[in-house]
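Chemist: Each chain, written out:
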Amino acid sequence: MGRGAYNYSRTILSLQIPSVAYLAATGAVNLMLSKTLGFACELERIDVVTTATASVAGSRVLNVRRGNATGTVVGTITLLLASQGTIGTVNAGVVGEGGVATGALPSFTDTDTITVQFAGSGTAFTGGGCELLLTLRDKNQAAA
Amino acid sequence: MPRLAPFGYSRHTLTLTVPFTGVLNTTNQVNLMLSKTVPFSCELERIDVVPTTVGTGAGATRTVNVRNGSATGTVAGTATATLSNQGTLGVVTAGTIVTAAGANKFGSGDTMTVEFITAGATAFTAGGFELILTFRDKNQAAV
Chain L
1 MGRGAYNYSR
11 TILSLQIPSV
21 AYLAATGAVN
31 LMLSKTLGFA
41 CELERIDVVT
51 TATASVAGSR
61 VLNVRRGNAT
71 GTVVGTITLL
81 LASQGTIGTV
91 NAGVVGEGGV
101 ATGALPSFTD
111 TDTITVQFAG
121 SGTAFTGGGC
131 ELLLTLRDKN
141 QAAA
Chain X
1 MPRLAPFGYS
11 RHTLTLTVPF
21 TGVLNTTNQV
31 NLMLSKTVPF
41 SCELERIDVV
51 PTTVGTGAGA
61 TRTVNVRNGS
71 ATGTVAGTAT
81 ATLSNQGTLG
91 VVTAGTIVTA
101 AGANKFGSGD
111 TMTVEFITAG
121 ATAFTAGGFE
131 LILTFRDKNQ
141 AAV
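Protein sequence lines correspond, in order, to chains L and X. Under this note's numbering, think of the first position of the first sequence as 1, with each following residue one higher. Under this note's numbering, think of the first position of the second sequence as 1, with each following residue one higher.
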C-alpha cells in the first residue's frame with residue numbers, strides 16, 4: 001500500500017437495499033436520487049453484501065450514476081441468485097465511466113450529485129436483501 | 001470544487017437505517033443512536049434523508065436531531081421526514097446544520113446522539129429511510 005501526505009483518504013457510503021420495491025421488483029427504481037456529495041472525490045469500489053437470502057432466482061442491475069437518473073453510469077453491478085443466496089457474500093461491481101472498467105476512476109466534483117438506480121427490466125427476487133457499499137476516495141480539500 | 005489543501009479536510013459518511021417499527025410508527029422520543037463516542041475531532045457537514053420505503057400516513061412527520069452529547073446535548077443538525085418528502089423512493093431531502101457557536105463541531109472523545117423528538121410528531125403508517133451523515137475532519141494523531 002502506498003502512503004503519502006498528499007494522498008487519499010477513503011470513506012464508505014452504505015445504503016440498505018430492501019426486498020420490497022427493489023429486489024422483489026422489475027421496474028426502474030431509484031435507491032438514492034441526486035444526492036449532493038459536497039466534496040470532490042472518486043468512486044473507487046462498489047460492493048454488495050448479502051444480508052437476507054433470496055429464495056427465487058432473480059436478476060437486478062444496479063447502476064451508480066453521476067448526476068440524476070439519466071446521468072452517466074460510473075459503476076454497475078448485477079445481482080443474481082448465486083450472489084444473493086448466502087448471507088455475508090460480498091460481490092464487487094465494475095467501476096468506470098460508462099460502466100466499463102478502464103483503470104481510470106470516475107470523479108465527482110463537490111457540486112456533482114450521485115444517483116443509485118436499479119435499471120428497468122430484470123427478474124424479481126423472492127425475498128432477499130443486501131447492503132450496498134460505495135467506497136469513495138478524496139484528497140484533503142478546503143471546507144467549501 | 002473546493003481547492004485541494006494539504007491541511008484541509010477529508011470527508012466521511014455514516015449511514016443509519018431508520019426502521020418503521022419503533023421509530024416512524026410512533027410519536028415517542030426515540031434514540032436511534034445514544035451517546036456513541038466519536039474518537040476523533042470532526043464537524044457535521046451534511047444530513048440527508050433517503051426514503052427506501054414509501055411513507056404513508058395523513059400528516060405524518062418525524063424530526064430527527066443529531067446532538068453533541070447525550071439526548072439532551074446541543075443540537076448539531078436536524079432533518080424532518082414528512083409525508084410529502086417520503087412519498088417517492090430515493091428522493092433525497094437535506095437537513096439543516098447548526099453552525100452557531102460551533103454546535104456542529106465534535107471534539108475527540110465527545111459523544112453523538114441521533115434522536116427522534118416528540119414535538120410536532122405525527123406517526124407514519126408505513127415508511128423507512130436511510131439517514132446519511134457527512135463529517136469532515138483533518139488529519140490528527142492516533143490519540
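Keep in mind that a hint or two might mislead.
To be verified - Below, a sample of chain L positions facing chain X; criterion: calculated Cβ distance under 8 Å: (1) ASN7; (2) SER19; (3) ALA24; (4) THR26; (5) VAL49; (6) VAL61; (7) ALA119; (8) GLY120; (9) LYS139.
Said to hold, decoys possible - In silico SDA-like pairs for lysine to any residue, Cα to Cα no more than 20 Å straight-line: (10) LYS36/X x THR11/L; (11) LYS139/L x ILE12/L; (12) LYS139/L x SER41/X; (13) LYS105/X x LEU83/X.
In case anyone wonders, no lab produced these hints; they're calculated from the structure. C-beta: ideal position from N, C-alpha, C; glycine also.
Chemist: Each hint needs a verdict: does it hold in this structure or not?
Modeler: Each hint tested on the structure:
Among the interface hints, the one on ASN7/L is violated; its C-beta lies about 10 Å from the nearest C-beta in chain X, farther than the 8 Å criterion. At a threshold of 8 Å, the smallest CB-CB gap from SER19/L to chain X is about 11 Å, leaving the interface hint violated. At about 13 Å, the closest approach between the beta carbon of ALA24/L and any beta carbon in chain X exceeds 8 Å, and the interface hint on this residue is violated. Nearest Cβ of chain X to the Cβ of THR26/L: about 14 Å, over the 8 Å cut. The hint is violated.
Taking 8 Å as the C-beta contact cut-off toward chain X, the hint placing VAL49/L at the interface is violated, the least distance being around 13 Å. Below 8 Å, beta-carbon pairs count as interface contacts, and VAL61/L has none with chain X, the closest being about 16 Å; its hint is therefore violated. Annotation: ALA119/L was flagged as interfacial toward chain X, and the flag is violated, the nearest CB pair being 13 Å apart, outside 8 Å. Checking GLY120/L against chain X: minimum C-beta separation of about 14 Å lies over 8 Å; hint violated.
Satisfaction of the interface hint for LYS139/L is found here, the shortest Cβ-Cβ separation to chain X being roughly 5 Å, below the 8 Å cut-off. Between the alpha carbons of LYS36/X and THR11/L the distance comes to roughly 19 Å, so the proposed pair stays at or under 20 Å and holds. In summary, the hint linking LYS139/L to ILE12/L is supported, as the alpha carbons are separated by about 15 Å, within the 20 Å threshold. Of the supplied pair hints, the one linking LYS139/L and SER41/X holds, its CA atoms being roughly 18 Å apart against a limit of 20 Å.
Under the criterion of a C-alpha separation no larger than 20 Å, the hint pairing LYS105/X with LEU83/X is inconsistent with the structure, at around 31 Å.
Of the hints listed earlier, those the structure fails to meet are numbers 1, 2, 3, 4, 5, 6, 7, 8, 13, in rising order.
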